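Enquirer: Sequence:
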Amino acid sequence: MIDKISYSPMNVLSSVQPKGNSGEGAADLSKKFGDFLNNAITNLNVQQQQVDQLNTSFIKGELSDVHQLTIASEKASLGLELTVQVRNKVLDAYQEMMRMQL
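Residues in the sequence shown are numbered consecutively from 1, following this note's numbering.
To be clear, the hints were calculated from the coordinates, so they are not data collected in a lab. Any given hint could turn out to be false.
[Said to hold, decoys possible] Subject to a maximum C-alpha distance of 25 Å in a straight line, what follows is the list of computed DMTMM-like cross-link-like pairs (lysine to aspartate or glutamate):
| id | residue 1 | residue 2 |
| --- | --- | --- |
| 1 | Lys89 | Asp65 |
| 2 | Lys89 | Asp35 |
| 3 | Lys31 | Asp92 |
| 4 | Lys32 | Glu81 |
| 5 | Lys75 | Asp35 |
| 6 | Lys32 | Glu96 |
As the structure is a computational prediction, the values presented were derived from the model and not from experiment.
Please work from the sequences and hints to get the whole structure.
Expert: Okay, structure coming up:
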């Protein structure tokens, strides 16, 4: 059965409102963002290494299930595409900020 969706503008706005001063400055937030990006790149590298390992196993004849290789390869490919798109959006935002006049 389909559940009824209730629309409450106050609930939507409360999620957007700041929760008060958390004591984090721009330097702390940029460090967190940098850590997030580093973790994402590390995970992408691990995925690529797994694909390389599965590919080597397949070439040697040790891997009988080709689906594992295909799935891992597609995951790594999609992760790389996502990383490139995020990088492009960040660069576009940076360039837009540099074009702003004060």
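Enquirer: Could you work out which earlier hints the structure fails to respect and list their numbers in ascending sequence?
Expert: Violated: hint 1 alone.
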